Amino acid sequence: MIVSLADWNQFLSQHPNAHLLQTGEWGELKSAFGWKPMRIVNGDSGVQILFRKLPLGLTIGYIPKANVDSSLWTEIDSACKQNRVVFLKLEPDQWEDNFVLHNSSFILSKHNIQPPRTLIVDLRGNEEEILARMKQKTRYNIRLAEKKGVTVRAWDDL
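Reminder that position 73 of the sequence shown reads as 77 in the numbering used here, one-by-one numbering, no gaps.
Do not take every clue at face value.
[What the hints assert, rightly or not] As a list, the in silico DSBU-like pairs of lysine-lysine whose alpha-carbon atoms are at most 35 Å apart: (1) Lys85 / Lys69; (2) Lys85 / Lys40; (3) Lys151 / Lys141; (4) Lys34 / Lys114.
Simulated from the structure, these hints should not be mistaken for laboratory data.
The model shown is predicted, which means the values in this text are computed figures rather than measured ones.
Construct all of the structure, not just a fragment, from the sequences and the given hints.
See below:
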């Protein structure tokens with residue numbers, strides 16, 4: 005079922021590990037750049053699809069960083085047909101070697117839009133403890149950057 009932004013945000017509140025690019029706010033931001041977000045929920049599964057119009061009345065579809073459950077494909081297919089989608093780009097929120105194409109009509113793309121891997125770094129502890137967990141070469145490069153004048157600023161208003 006296609007849901008509103010408010011319903012999508014309510015759905016995501018029950019899925020705290022959803023990727024940033026699946027948030028309603030991301031979809032709304034993308035709408036300022038010509039994309040139309042559509043959110044689909046089926047039980048405990050959901051996906052945000054971004055549509056962008058092309059010349060000649062055609063459209064592309066893009067699903068960034070989502071774990072698409074098989075129960076969603078009928079609705080995704082219907083939404084794509086309704087929007088005259090000529091192709092759908094799907095970038096699952098999984099390591100590329102763990103992703104299995106459940107639908108044989110998909111072709112593995114040679115090009116990603118989003119970085120294929122995102123790592124979370126544990127920043128607990130003081131600076132020395134954090135640096136101690138890093139490889140020697142990483143510590144060297146950090147200190148070299150400091151010597152060359154690279155600055156890092158912390159912001160709390162994002």
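*Check each numbered hint against the structure and report the violated ones by number, ascending.*
Of the numbered hints given earlier, the structure breaks none, since each of them holds.
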